[in-house]
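Undergrad: Below, each chain spelled out in residue letters.
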Amino acid sequence: MTDTVQADRQADFERTIERHDRIEPRDWMPEKYRATVVRQVAQHAHSEIIGMQPEGNWLTRAPSLRRKAILLAKVQDEAGHGLYLYSACETLGVTRGELTQKLIDGRQKYSSIFNYPALSYADVGTIGWLVDGAAICNQVPLCRTSYGPYGRAMIRICKEESFHQRQGFELLMTMMSGTDEQRAMVQESVDRFWWPALMMFGPPDAESPNTAQSMAWGIKRDTNDDLRQKFVDMSVPQARALGVTLPDPDLAWNEERGHHDFGQPDWHEFAAVVAGSGPCNAQRIAHRKRAHDEGAWVREAATAFAAKEA
Amino acid sequence: MTVQPEWPLYEIFVRGKRGLNHVHVGSLHAADDEMALRHARDVYTRRNEGVSIWAVRADLIVASSPDEKDPLFAPAGDKVYRHPTFYAIPDDVPHM
Ligand SMILES: [Fe+2]
Ligand SMILES: [Fe+2]
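First to last, the protein sequences are chains A and B. Heads up, the first sequence is in the working numbering, so the first residue is 1 and it goes up one at a time. Heads up, the second sequence is in the working numbering, so the first residue is 1001 and it goes up one at a time.
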């Protein structure tokens, strides 16, 4: 490739980004842009897939047929979200097999939140309310991300997430109108999930070195701290409606800023969970690997059958 | 570690309702055509999003290249006479 062709392509790319237009799979793009989108979309896809585990664990022990049908539909949606995102990622020239292998080998990450256990059925409600709620906060702006296939996958996902959050909130409301013991279960669950939910937005902006470049390229649309603030502001009135206390003594409305002040999550804990020593990291990956290994004969049989039919 | 050969990639198109075109919704892997349709139903139409699905092997699709977008589409750019607004017709001529 001559230098002028290269310069033309670079300029084309930059103009597209400046117009807030989308980059499509076969367009020229800087290698670093490609790598950044692959990393973010892969991590996002892995989160959807691993995210099935904490709740999937409760499927056989749902308290009623109604709750079981709802949870089954929700977990199935998360599998779907993972598949939309894997196929978006594959448009950048990586293969599905590679992505699965990198997840299993720990070479690509998933959201730290799924390394916490779901200990009671109240957790199914709290995960829907706070974890899917935080995911929605993160995901809505990503519908306008600069990489076309990623944005289109996010639009489908956002349409489906709203049911996830509402079913969780409704579950908690039902428990809150029950016995004292049930109300205590909800509060205990919220106490455990509040801080990990705040960590879902990633480290503070000052310690997030990739944010500036990702925003300049339109891959990310908001900073971690802005999204975290938005989530806190949304959650406070919801907690009030529910009748639970958010476990943060520093949480208070700040008239001047027009936002809530709030405390910082334990960033040492966050770093430890990301590094692999959260409560469930090993279990999550071992489970994913087992599912992959135990499914091998099915994939092989389908391949053999297709070859025979061809 | 042996990486197994991947199932072929299919592009999926869904007709949202009668009277509309099939629209591209995404892609998936399947061992054969029948499995592609079944997977497409599960992945892309969990909420009545469609009344008909097309699954097309991605390697059978012929596409224009972004690099030839200028030579390919520029010739349409200067043919303004293909648009109705090119023609000045007095305002008092009805139904035109
Ligand atoms: Fe999801
Ligand atoms: Fe969800």
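Do not rely on the hints blindly, as some may be mistaken.
Far from chain A, some chain B residues (derived; all Cβ distances over 12 Å) [said to hold, decoys possible]:
| hint | residue |
| --- | --- |
| 1 | P1071 |
| 2 | H1083 |
| 3 | Y1087 |
Below 16 Å or equal to it, Euclidean Cα-Cα: the simulated EDC-like pairs (lysine to aspartate or glutamate) are [said to hold, decoys possible]:
| hint | chain 1 | residue 1 | chain 2 | residue 2 |
| --- | --- | --- | --- | --- |
| 4 | B | K1069 | A | E98 |
| 5 | B | K1069 | A | E24 |
| 6 | A | K289 | A | E98 |
| 7 | A | K159 | B | E1049 |
| 8 | A | K230 | A | D180 |
| 9 | A | K68 | A | D222 |
| 10 | A | K308 | B | D1032 |
| 11 | A | K109 | A | E98 |
| 12 | B | K1069 | A | D261 |
| 13 | A | K308 | B | D1033 |
Calculated directly from the structure, the hints in this document are not laboratory data. Note that CB positions come from ideal geometry on N, CA and C, so glycine has one too.
Undergrad: None of the hints should be skipped; say for each whether it holds.
TA: Verification of the supplied hints:
no.	hint	result
1	P1071	holds, 14 Å
2	H1083	holds, 23 Å
3	Y1087	holds, 31 Å
4	B:K1069 with A:E98	violated, 32 Å
5	B:K1069 with A:E24	holds, 13 Å
6	A:K289 with A:E98	holds, 14 Å
7	A:K159 with B:E1049	holds, 12 Å
8	A:K230 with A:D180	violated, 31 Å
9	A:K68 with A:D222	violated, 36 Å
10	A:K308 with B:D1032	holds, 11 Å
11	A:K109 with A:E98	holds, 14 Å
12	B:K1069 with A:D261	violated, 51 Å
13	A:K308 with B:D1033	holds, 13 Å
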